[in-house]
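Start from chain A and add chain B according to the hints.
Going line by line, the protein sequences match chains A and B.
Its first residue numbered -4, the first sequence is counted upward by one per residue in our numbering.
Its first residue numbered -4, the second sequence is counted upward by one per residue in our numbering.
Keep in mind the hints are simulated off the structure, nothing from the lab.
Among these hints, one or two may not hold up.
Claimed, not checked - Beyond 12 Å from chain A on every Cβ pair, some chain B residues (computed):
#, residue
1, 79
2, 209
3, 245
4, 260
5, 263
6, 296
7, 298
8, 341
9, 420
To be verified - With the C-beta cut set under 7 Å, the calculated list includes, among others, these residues of chain B facing chain A:
#, residue
10, 11
11, 15
12, 57
13, 67
14, 161
15, 167
16, 171
17, 175
18, 181
19, 221
20, 275
21, 280
22, 285
23, 335
No experiment lies behind these values; they were computed from the predicted model shown.
From the three backbone atoms N, C-alpha and C, an ideal C-beta is built for every residue, glycine too.
Listed below are the residues making up each chain.
Number of protein chains: 2
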Amino acid sequence: MGGSEIKPKRLQNRDMNPELTVDDNRFRRRFERFNEIGATERDGVDRPSLSDTNKEARDTLVEWFADAGLAVTVDEMGNVFGRTDGTVPNEPPVLFGSHVDSQYNGGRFDGVIGVLGALEIIETLNEENVQTQRPLEVVAWSNEEGVRFQPDMLGSGVYTGTFDRGYAYDRTDKDGHRFGDELDRIGYKGDAPAAGDPHCYFELHVEQGPYLDENECSVGVVEGVYGFSWLNARFEGTADHAGPSPMHLRHDAMVATANVVTGVRRLTAATGTDLVGTVGSIDVSPNSINVIPETVEFTIDLRSYDNAVVDEAVSQVRDEIRWAADRENVAWELEEIMRVDADPFDTDCIETVARAAETVGAPSMRMVSGAGHDANYLNDVCPTSMIFVPSVDGVSHTEDEYTAWKDVVVGTNVLLQAVCEKANEE
Amino acid sequence: MGGSEIKPKRLQNRDMNPELTVDDNRFRRRFERFNEIGATERDGVDRPSLSDTNKEARDTLVEWFADAGLAVTVDEMGNVFGRTDGTVPNEPPVLFGSHVDSQYNGGRFDGVIGVLGALEIIETLNEENVQTQRPLEVVAWSNEEGVRFQPDMLGSGVYTGTFDRGYAYDRTDKDGHRFGDELDRIGYKGDAPAAGDPHCYFELHVEQGPYLDENECSVGVVEGVYGFSWLNARFEGTADHAGPSPMHLRHDAMVATANVVTGVRRLTAATGTDLVGTVGSIDVSPNSINVIPETVEFTIDLRSYDNAVVDEAVSQVRDEIRWAADRENVAWELEEIMRVDADPFDTDCIETVARAAETVGAPSMRMVSGAGHDANYLNDVCPTSMIFVPSVDGVSHTEDEYTAWKDVVVGTNVLLQAVCEKANEE
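One chain only, chain A, in its complex shape (with noise of 0.2 Å):
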């Protein structure tokens, strides 16, 4: 059972109970009702941060967080908390939950899973009568996806100190409306502040990549999250026409791109470890069908979970760009842009997964996290990890993002007993 990575650790099982287990038709209900809010016409949702279809979502998440009798919190940068008492007083809450902003046109599961699967915990220890010893507050985080204002993860970011406020409010997506002036606007700028001091964090979340899928788990077991380097890049050699310009004369900035493309493709097949390379955003200008490109500005993100083999891909792209730009005579200019070091979650916390999905009985495999997520910035703050659940084929952040039911279901059991056995111990 499990992929060809399991390696179960059988510690005290403390307070797991395999009996205790969430209600499928109820939370599959609700998340088919949920996702009719903002539902495209090929099965995926539009809900981007602080749109009117994020409003809806997030009005009734606070419904149904208030009608399963927690105590509901928007904080300033309009996260959502919803708050169950535990039986000793004054315990810092284990905190669980994700994201329902989605991508333009994005899927019904990332994000989705994680805040209405933990509402399904909540809801079935109600109807179990099970209550724990500490707090257990359910989150949605504020703008996971930056798709509309970046960076992304802001609400989680600010919860944990890495962004101000302030930053954080004058974000602007490209119509130029500040995050903080629509926040306002769909009634989510609360009075709490953004902070808090949990006393541990587990995120469910879709994959949205292909090993689990391919190594026929429902769960992984998340020991981190990959650093990255991303790069801004950017050559500027001579517009002129396409017609009357000798090769030999040419400096053109395109073939220099071109070059450097198929340059970081080649290195992450060279270098021998996990590291990827995508080369996601390019802006030639004049971008005319009949002049030689001037400038092109383009992207390189990098990644790795040993943050060596990242200093090492931004030098051989760093030669790259300096060779494309030698055999093309072209000007280049390229600035690391953001820089992230990979992210190990904490022991305990993973050891905790991994015992719950042994005692879900889930089919589970050890892996790390090519994408970033909100539990990065939790980690910071508080022991974290992550259960992940599959991703079809690997795609995520498109209509065709799918997850078998059954995988949400037993990710969420898996969920319930790792903050089942959390809420209890001292």
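Showing chain B alone in chain A's frame:
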């Protein structure tokens, strides 16, 4: 004197008179005054087709044409003509001119010298009391550049029957403004039909390539214009998160495109011909730093004076695209959106220009044009050739475009001699 390719032919030196020359100072003053219209900070001009500055340039032309005693006509395409009678009634005129619309932030010489040079010739003949047998007709064609409304050379294209007037009127700019409406707005939708039956056509223009400058020639005797193929290509791969997507499962439309960009560069070198090839426009979707490019649409511009070379290059580009798509396992499309055969000018007109250069004593060379001009369309309906003057470093379509004034004057004197010869022939 002259470049290595000078092949002067001593034919009957019919009505050429080296004593007859344009007025350098008058011409220069007019050139400087004209280029105050839409002047940019970096010594260029911004007078795109049917803009307010283009209207102001037209108004100035109409005033100056009338002041020079020309009968001014504006046709239904906004082509502006100024005509003087010949001594023999009802003869088709010798037509000569160019255009005064510019690129966005374009140069001061491109088009302008051909129109103001033509006007200067009229002034010179007036001053010297020279009346030719045939009428002379000066022209400024509409929308030569094609930066605001595509395709380019709309004015001469309708005049010569290449395009329908309705087709031209329906062209829209990126803001949805129709060519016909904008022509009306600036008051240049004239009543005269866009048609004519000229005896022949000459056009003085900047080379827009480096050959005259490299060879220290003042004048190019233009024997024809390169043919070209314009291709639209498209790769469609799979958009996916740049982090968790392993390299071996990617279908990256940008990697495929980069292979074609370098392939086009390679094949121009490999053919051993005059082929030039450019990938000028690239549009990536979703164009996000952390998403693998799903689709890339791009253009390829292939040119040669030999139609068979263009044919072979199109076939080779198709191979490059197919190979790149196979390697990356992405879908591909390729469409030829425009094909123009190489266009040899009229032998007699070419030799007239060559004799005129010799008469003027201009260092000259025979050449072909890599860029298209209004002269291409005129060549379909009457004997045509062109006179080039140097573009320093081959630069055009930017504010850095420059031609030494002495070369502009020499080129205009060559045009004067050519026009006089043709205007006095049977």
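For this session: Against chain A, run the beta carbon of residue 181(B) and see if the smallest gap drops under 7 Å.
Result: violated (24 Å)
Exercise. Against chain A, does residue 260(B) keep a CB gap of more than 12 Å to every residue?
Worked result: violated (5 Å)
Exercise. Was the hint right that residue 161(B) lines chain A, CB cutoff 7 Å?
Worked result: violated (24 Å)
Problem set entry | Status of the hint placing residue 171(B) at chain A (closest C-beta pair under 7 Å) | violated (19 Å)
Problem set entry | Restraint outcome when residue 335(B) is required to lie within 7 Å of chain A by C-beta distance | violated (11 Å)
Exercise. Can the hint on residue 275(B) be confirmed by a CB-to-CB distance to chain A that is less than 7 Å?
Worked result: Holds. Min distance 5 Å.
Exercise. Do the numbers back the hint for residue 221(B), that is, is its least Cβ distance to chain A under 7 Å?
Worked result: At about 6 Å, which falls below the 7 Å cut-off, the nearest Cβ of chain A leaves the hint on residue 221(B) intact, so it holds.
Exercise. Does residue 11(B) pass the interface hint, meaning its C-beta sits closer than 7 Å to a C-beta of chain A?
Worked result: violated (29 Å)
Exercise. Is the shortest C-beta separation between residue 15(B) and chain A less than 7 Å?
Worked result: violated (31 Å)
Problem set entry | Separation of residue 263(B) from chain A, once the least beta-carbon distance is taken, above 12 Å | violated (5 Å)
Problem set entry | Exclusion check [residue 79(B) not at the chain A interface, CB over 12 Å] | holds (33 Å)
Problem set entry | Supplied contact hint for residue 57(B), tested at 7 Å Cβ to chain A | This interface hint is violated because 29 Å lies over the 7 Å limit.
Going down the numbered hints, you'll see the structure goes against 2, 3, 4, 5, 6, 7, 10, 11, 12, 13, 14, 15, 16, 17, 18, 21 and 23, while the others check out.
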